[in-house]
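Given next are the chains, with one letter for each unit.
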Amino acid sequence: MGIAAVAFIGPQNNPLYLRSMDPSPSDDQYMKLHYVVHCALDAVEEKVLLKRGPSDSQDAYLGLLYPTEDYRVYGYLTNSHVKIILLFDDEGTIKNEMVLRVFRRLHALYVDTASNPFHSFGLPIRSGRFEAQLEGIVAVAPKPGASLGGFMT
Amino acid sequence: MFHEKQSGPAAAAALEAVGYRVGQQLAERYTRDKPRLGDALEIIKFVCKDFWQALFKKQVDNLKTNHRGVYVLQDNGFRWLQRLSAPPPGSDPAREEAARQLALSYLHLPAGIVRGALCHLGVSCTVEPDPKQLPSCTFTVRVM
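The listed protein sequences derive, respectively, from chains U and Y.
Our numbering applies: residue 3 is where the first sequence begins, and numbers increase by one.
Our numbering applies: residue 11 is where the second sequence begins, and numbers increase by one.
These are calculated hints, taken from the structure and not from any lab test.
All figures in this text were calculated on a predicted structure; none of them were measured in a lab.
There may be inaccurate statements among the hints.
[Stated by the list, open to error] Here are the simulated SDA-like pairs of lysine to any residue, each with C-alpha atoms no more than 25 Å apart in a straight line:
1) Y:55 - U:52
2) U:34 - U:44
3) Y:74 - Y:49
4) Y:44 - U:51
5) Y:74 - Y:129
6) Y:44 - U:34
7) Y:67 - U:116
8) U:49 - Y:56
9) Y:74 - Y:98
10) Y:67 - U:66
11) U:49 - U:26
12) Y:44 - U:123
13) Y:68 - U:49
14) Y:67 - Y:45
15) Y:67 - Y:138
16) Y:74 - Y:20
[To be verified] Pair ranges (Cβ atoms, derived):
17) U:27 - Y:19: 48 to 54 Å
18) U:48 - Y:87: 44 to 50 Å
19) Y:98 - U:119: 40 to 46 Å
20) U:103 - Y:95: 48 to 54 Å
21) Y:76 - U:16: 20 to 26 Å
22) U:24 - Y:93: 24 to 30 Å
23) Y:69 - U:61: 21 to 27 Å
24) Y:92 - U:48: 44 to 50 Å
C-beta atoms are modelled at their ideal positions from N, C-alpha and C, and glycine is treated no differently.
Construct all of the structure, not just a fragment, from the sequences and the given hints.
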């Protein structure tokens, strides 16, 4: 179990950020990630429509969106319609609480980044600080064999 | 002349734009730990209650709507107008109008903030401030 990729998608389904946690991802892999995340957007919309019940309160955390051959795709939708998509490797068990914790921290990180006066809404996120902190958050669930948060002896 | 330059339409638009951006960022922050808001009315209610509380340390006193996309937010003691002295009651209308115009220039920024927050949460709208009788004022939200 480990996080394979993180994606932030804007309100108009415009990609804000996509990051593979592979140390040296190929172009093909990036295309594949884009594809998986793109499919996830349909699943997000579906979940939102299904949850439009009269009484149930709507949580930002959408849970497992769909499993693919290689990944399990989890989604989170903020009040400003920013979607956060997490791709987990399809190995071992994934605890919901852990996923939720990662999402909450990613959301907090996004809020902090958006508060930067030099951030522009709707444009891709370019911030060294954002990247560094994201790596720290993702290192909670490191991908086996990845160098993030690892300790070389 | 100088006063016109300082508070003409260009300055008002600039203040509104600054407010818009601030509103976007504040909305992002204040909705962080809230469950997802549903329709436009729920978003407006959030702005009236939590958002107003955070910005102006009180809630909106009265919210009226015609259910067709117009919402009137009335604040009977708007914090940012509290220190402006109102003309005494019964003074001549010209003087009251002058005070109104003067107060209006202090409302471009909050109107921008409200509009920024609403737009960022998914309600694209225009916001028109109106200081009726200091320190009370209304914000008319028209959903587009």
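So, going through the hints one by one against the coordinates:
| no. | hint | verdict |
| --- | --- | --- |
| 1 | Y:55 - U:52 | 23 Å, holds |
| 2 | U:34 - U:44 | 16 Å, holds |
| 3 | Y:74 - Y:49 | 16 Å, holds |
| 4 | Y:44 - U:51 | 19 Å, holds |
| 5 | Y:74 - Y:129 | 19 Å, holds |
| 6 | Y:44 - U:34 | 33 Å, violated |
| 7 | Y:67 - U:116 | 24 Å, holds |
| 8 | U:49 - Y:56 | 23 Å, holds |
| 9 | Y:74 - Y:98 | 28 Å, violated |
| 10 | Y:67 - U:66 | 39 Å, violated |
| 11 | U:49 - U:26 | 33 Å, violated |
| 12 | Y:44 - U:123 | 21 Å, holds |
| 13 | Y:68 - U:49 | 36 Å, violated |
| 14 | Y:67 - Y:45 | 22 Å, holds |
| 15 | Y:67 - Y:138 | 21 Å, holds |
| 16 | Y:74 - Y:20 | 31 Å, violated |
| 17 | U:27 - Y:19: 48 to 54 Å | 51 Å, holds |
| 18 | U:48 - Y:87: 44 to 50 Å | 46 Å, holds |
| 19 | Y:98 - U:119: 40 to 46 Å | 43 Å, holds |
| 20 | U:103 - Y:95: 48 to 54 Å | 52 Å, holds |
| 21 | Y:76 - U:16: 20 to 26 Å | 34 Å, violated |
| 22 | U:24 - Y:93: 24 to 30 Å | 58 Å, violated |
| 23 | Y:69 - U:61: 21 to 27 Å | 25 Å, holds |
| 24 | Y:92 - U:48: 44 to 50 Å | 49 Å, holds |
Violation of the numbered hints given earlier is confined to hints 6, 9, 10, 11, 13, 16, 21 and 22; the remaining hints are satisfied by the structure.
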